[in-house]
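Line by line, the protein sequences are chains Y and P.
Under the numbering used here, read the first sequence as residues 12 to 312, first letter to last.
Under the numbering used here, read the second sequence as residues 12 to 312, first letter to last.
I should point out that these hints are in silico values taken from the structure, not numbers from a laboratory.
Among the hints, a few may not be true.
Computed list of lysine-lysine pairs in DSS-like fashion (alpha-carbon distance at most 27 Å, straight line) [what the hints assert, rightly or not]:
| hint | chain 1 | residue 1 | chain 2 | residue 2 |
| --- | --- | --- | --- | --- |
| 1 | P | 187 | P | 122 |
| 2 | Y | 247 | Y | 51 |
| 3 | Y | 51 | Y | 187 |
| 4 | Y | 14 | Y | 122 |
| 5 | Y | 187 | Y | 172 |
| 6 | P | 247 | Y | 187 |
| 7 | Y | 247 | P | 187 |
| 8 | P | 178 | P | 193 |
| 9 | P | 247 | Y | 247 |
As the structure is a computational prediction, the values presented were derived from the model and not from experiment.
Number of protein chains: 2
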Amino acid sequence: MNKLRVAIVGFGNVAKEALAAVRSAPDMEAAGIVLRDPAKVEAVWRETGLPVALDVSELGPVDGAVLAIASRAIPAVAPRYLERGIHTVDSFDIHGDAAMELRRDLDAVGKAHGSVAVICAGWDPGTDSVVRALLECIAPRGITYTNFGPGMSMGHTVAVKAIEGVKDALSLTLPKGTGLHKRHVYVELADGADFETVRGRILGDPYFCHDETYVFPCDDVERLLDLGHGVHMERKGVSACSHNQRMEFSMTVMNPAATAQVMVSALRAAARQEPGCYTMLEIPPLDYLSGEREALLHRLT
Amino acid sequence: MNKLRVAIVGFGNVAKEALAAVRSAPDMEAAGIVLRDPAKVEAVWRETGLPVALDVSELGPVDGAVLAIASRAIPAVAPRYLERGIHTVDSFDIHGDAAMELRRDLDAVGKAHGSVAVICAGWDPGTDSVVRALLECIAPRGITYTNFGPGMSMGHTVAVKAIEGVKDALSLTLPKGTGLHKRHVYVELADGADFETVRGRILGDPYFCHDETYVFPCDDVERLLDLGHGVHMERKGVSACSHNQRMEFSMTVMNPAATAQVMVSALRAAARQEPGCYTMLEIPPLDYLSGEREALLHRLT
């Protein structure tokens with residue numbers, strides 16, 4: 012068997028888990044790590060024992076790349092890989108227009124260079140998107156609620172940290188049910204900062220002003236950090252002429268590990284599609300799994 | 012828009028719900044019903060107001076057929092439609108070798124005649140199969156349990172009814188958890204039959220002798236009949252190097268309605284695939300849904 016040679020781009024939480032996922036996949040091998048910062052190359056090489064480069068061309072033949080980098084960097088970075096015929100996968104998490112624009116752009120690049128991009132391939136967007144479609148396949152009429160948490164919101168945590176008077180912070184998303192959420196923000200104050208003043212700034216911030224938000228003072232934010240997260244999706248709808256069809260999907264996971272594993276599974280699927288760009292809604296689910304096709308069908312059908 | 016013209020084959024519980032699903036689909040229209048028994052034609056015509064025929068050729072142009080008939084009849088019936096270029100969908104529920112053989116046979120017929128068969132397209136096998144694949148995409152290592160019920164098992168009910176001394180019967184499947192089940196059998200005795208004797212026959216029957224089975228006497232089985240059913244799937248597994256990733260999918264539904272709706276959604280997908288035979292594991296989930304592709308992606312991603 013020709014193993015898929017995979018480059019990991021980035022070396023944050025998701026990238027580290029992606030490397031572990033590639034190493035445990037029977038049909039893949041890690042080609043190396045691509046970093047942006049030359050100062051980190053040696054440390055990452057010592058930690059992983061793998062080639063570490065500033066450009067993927069230094070890693071020898073590479074079939075696919077896991078882009079474990081910030082969503083906002085994806086539109087610029089993905090084409091550089093696709094243009095070399097390297098498949099890409101990302102967990103781009105800006106829903107809506109931005110995702111559709113990315114899909115159009117990468118589709119053109121992939122088709123021009125014989126490569127495949129799978130975008131929005133984490134757990135939401137990603138596997139949750141597939142579940143949403145499946146629930147509508149079973150009951151086309153009705154409402155689906157997606158409830159997130161409890162778990163850390165990266166975006167909101169970064170937003171709080173940028174507020175004046177905040178030394179360290181953690182923003183948790185907690186589900187209220189029926190698709191509504193509240194936020195619990197834990198703040199470690201900077202020297203001399205006043206809690207009520209900082210609390211007022213957080214509640215007035217555009218990231219928080221539309222949500223039910225509670226701010227708590229905290230001596231040591233580090234002590235609260237946990238990368239667990241969860242989701243609970245519910246649909247009540249109509250199949251044919253029968254109402255009150257009830258469906259639920261829920262998950263409680265180590266967040267970067269789940270994201271990374273879905274990305275690696277999606278990269279396997281990328282290698283099995285025609286050139287272009289795909290979301291997980293556009294890929295046959297069997298393509299994510301390693302193993303002989305008929306044996307998988309026999310076991311899973 | 013060219014609506015998909017759909018024939019419903021059969022007129023049992025699933026077929027009636029399939030007709031309702033076709034009628035409520037914005038992109039389909041019912042071409043008519045195909046029956047095997049000439050004696051029933053007039054009654055079905057009166058009930059539905061649709062053309063009813065003994066052969067699909069009498070229904071005018073037909074794009075696809077919902078084969079709402081017994082699984083054992085599918086291998087002989089499906090090719091007759093595929094040979095005319097009519098796509099088929101079935102909810103063939105014999106897992107394992109029989110399904111793989113059906114897939115190979117219908118794949119050849121479909122490819123020869125430019126038509127598509129989607130097989131095993133109910134909720135299990137069917138949407139549950141897709142969920143099983145998705146759970147392995149998130150956590151490739153681990154165990155998935157599929158727990159059925161509480162709900163009526165058609166096959167086991169038919170088996171009990173065939174036992175000497177039984178006038179009417181109902182066999183329920185109840186989940187014990189971790190993929191194990193027990194059966195509750197309600198029997199209405201034939202005149203002069205002895206309950207303990209009948210109970211012994213049921214417990215010794217090949218359908219029941221391997222399962223934990225409880226037999227209850229009942230004056231009126233009809234009064235207990237309810238077409239609700241359910242499933243609860245659980246997986247605990249490993250994503251990348253993180254253990255104890257927990258996932259669940261559950262559903263409680265009117266069984267024939269859910270089956271029929273999935274079949275109709277799968278027939279829509281059939282019309283979007285290349286000729287051949289597919290299980291739901293081999294079809295992009297977006298293809299089950301009606302509506303403009305990019306709008307669906309925008310909403311569901």
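Hint check results:
Distance check on the hinted pair: residue 187 of chain P and residue 122 of chain P sit about 43 Å apart at the alpha-carbon level, beyond 27 Å; violated. Taking the CA atoms of residue 247 of chain Y and residue 51 of chain Y, the gap is about 50 Å. The hint is violated against a cut of 27 Å. Taking the CA atoms of residue 51 of chain Y and residue 187 of chain Y, the gap is about 41 Å. The hint is violated against a cut of 27 Å. Annotation: proposed proximity of residue 14 of chain Y to residue 122 of chain Y holds, straight-line Cα distance about 23 Å (limit 27 Å).
Distance restraint check for residue 187 of chain Y and residue 172 of chain Y: the Cα-Cα separation of roughly 25 Å lies within the 27 Å cut-off, and the hinted pair is therefore satisfied. Simply put, residue 247 of chain P and residue 187 of chain Y have alpha-carbon atoms about 25 Å apart, close enough for the 27 Å limit, and the pair holds. This hinted pair checks out: residue 247 of chain Y and residue 187 of chain P have alpha carbons roughly 25 Å apart, not beyond 27 Å. At roughly 23 Å between alpha-carbon atoms, residue 178 of chain P and residue 193 of chain P fall within 27 Å of each other, so this suggested pair holds.
A threshold of 27 Å between alpha carbons decides the hint, and for residue 247 of chain P with residue 247 of chain Y the separation of about 26 Å falls inside it, so the pair holds.
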